[in-house]
Amino acid sequence: MKEKTSRTVLGVVIPVAVAATGLVPYRAYRSDLPDRIASHFGVSGRADGSMTPEVFLVVCGAMMAIGLGACVTVALARRRFQPMVAPSVSAVGAFLGAVSAGILAITVISQRGLDRWQDATLPPWAVIAWIIGSVALAGVAAWIASSLPCRRQAGADAAPPAMDLSPTERVFWSATLSARWPLVLGLAILLVGLALLLITELWIGLVMLGISILMTFFGRIRVTADRSGLSVRYGFLGWPRRSISIRRIAVARAVDIRPTEWGGWGYRGSLAIMRRAAVVLRAGPGIRLDLHDGRVFAVTIDDPEDPVLLLNAEISRRAALNPASERESMS
Amino acid sequence: MLWKIDTQSPQPLHEQLAGQVRRAIATRALVEGEKLPPAREVARGLGVNMHTVLRAFQTLRDEGLLEVRRGRGTSVAANAQPVTRHVELARSLVSQARRAGLEDREILQLVEVQL
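As given, the protein sequences belong to chains A and B, one line each in that order. First residue of the first sequence: 1, per the working numbering; consecutive thereafter. First residue of the second sequence: 1001, per the working numbering; consecutive thereafter.
Be aware that a few hints might be false.
Partial chain B-side listing against chain A, Cβ under 7 Å, derived [what the hints assert, rightly or not]:
no. : residue
1   : W1003
2   : R1040
3   : M1050
4   : A1100
5   : G1101
Once the Cα atoms are required to be at most 20 Å apart in a straight line, the calculated SDA-like pairs of lysine to any residue come out as [stated by the list, open to error]:
no. : chain 1 : residue 1 : chain 2 : residue 2
6   : B       : K1035     : A       : G235
7   : B       : K1035     : A       : S166
8   : B       : K1035     : A       : S231
9   : B       : K1004     : A       : D164
10  : B       : K1004     : A       : E305
11  : B       : K1035     : A       : F217
12  : B       : K1004     : A       : G235
13  : B       : K1035     : A       : L237
14  : B       : K1035     : A       : R27
15  : B       : K1035     : A       : R180
16  : A       : K4        : A       : L165
17  : B       : K1035     : A       : I246
18  : B       : K1035     : A       : L177
19  : B       : K1004     : A       : L165
20  : B       : K1004     : A       : S166
21  : B       : K1004     : A       : K4
22  : B       : K1035     : A       : N312
23  : B       : K1004     : A       : C150
24  : B       : K1004     : A       : R180
25  : B       : K1004     : A       : D306
26  : B       : K1004     : A       : N312
Rather than coming from a laboratory, the hints here were simulated on the basis of the structure. Backbone N, C-alpha and C define an ideal beta-carbon position, used for all residues, glycine too.
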């Protein structure tokens, strides 16, 4: 997609389409709504709060404006943001906009023709569809925003050093990195989840339990590099695992990873959607991989010089052995 | 830690691997208590048989440099760093004695006399 098209889709097409999804049903069914409409629902799906349709429109409209405004700002901004900023802001903005538009549309459509707001129910299929749709739209917005030009990161131009390897030599590198914050945070979430389990519904507690288990994946990572590429194994079981094949890697570099430049801590971004992803356990040294297709992957690890030398050596060894396949993967 | 082998070297692969771990412990590239990657992964990464790696680990365990615990993986033994020196001394004693024409039995006797 050309830059101008990307900016138009992100700054005009998506905002207009999302706003229309919320505002058109409101305009169409405004006269069929009761004096007050249900605006809040309990976990069981029964209405437990109400507003006049006008106030509801203002609340949803304001959230829509903030979310879609973020997309418009990213699309129209002349300045170049740090790499992960535009996709993240666009994703959150598109999600907020779409969720608010969906709330407005579903509320208006499901409550038209009612006499009392207390009779309103929230159709679960519509809620699920609207959340899935909003997440999908957030993904699309992030993907589009990731193609916009961004600020170059320091150290990205340095010449890649490589290890001297004779044809009969084989190398393997492995290191682990631990962090305490995911475990502390995970434990805190677990405790809150257990407390919630006692006072509210079971599923909220289970969701919190799931999140705290996910957090432990970032308590320890093990990174390996060899002739097949780079792998990151998460958590104490070494599962799940993320591998990047040597065929995809154009160059490896040892870099200083600043969490603010990579979107924060944890697994940031997405190779598929945002064209960038980083596993960040702390600020400091790490490996940066530039892939042939322009995507970028980074992972924090101590002493990244050896794996970088290794990967660059294996890349050139592969290229020397098999120049045809290299050209193929470049295209 | 970086593992490097040369498939054309006259030194057997398991000895190359054991030597690298010893060097890493001696230079503190591997610290006491640190876990080694599973033998299966090292083998796959280097394209060698897993038993070659396990053999290296076993030698190092017998030398008191590694602790191999079932289900918990292999890690560097508690006082491995000072021990590496003695392991190196013993290895050079054996190789020099053999070069001088001593039988293994005679080398053992040599050490026993000193105990």
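Against the structure, the hints:
no. : hint             : verdict
1   : W1003            : holds, 4 Å
2   : R1040            : violated, 11 Å
3   : M1050            : violated, 13 Å
4   : A1100            : violated, 32 Å
5   : G1101            : violated, 33 Å
6   : B:K1035 / A:G235 : holds, 14 Å
7   : B:K1035 / A:S166 : violated, 29 Å
8   : B:K1035 / A:S231 : holds, 17 Å
9   : B:K1004 / A:D164 : holds, 12 Å
10  : B:K1004 / A:E305 : holds, 15 Å
11  : B:K1035 / A:F217 : holds, 18 Å
12  : B:K1004 / A:G235 : violated, 26 Å
13  : B:K1035 / A:L237 : holds, 13 Å
14  : B:K1035 / A:R27  : violated, 65 Å
15  : B:K1035 / A:R180 : holds, 18 Å
16  : A:K4 / A:L165    : violated, 46 Å
17  : B:K1035 / A:I246 : violated, 26 Å
18  : B:K1035 / A:L177 : holds, 12 Å
19  : B:K1004 / A:L165 : holds, 10 Å
20  : B:K1004 / A:S166 : holds, 11 Å
21  : B:K1004 / A:K4   : violated, 50 Å
22  : B:K1035 / A:N312 : violated, 26 Å
23  : B:K1004 / A:C150 : violated, 39 Å
24  : B:K1004 / A:R180 : violated, 32 Å
25  : B:K1004 / A:D306 : holds, 11 Å
26  : B:K1004 / A:N312 : holds, 15 Å
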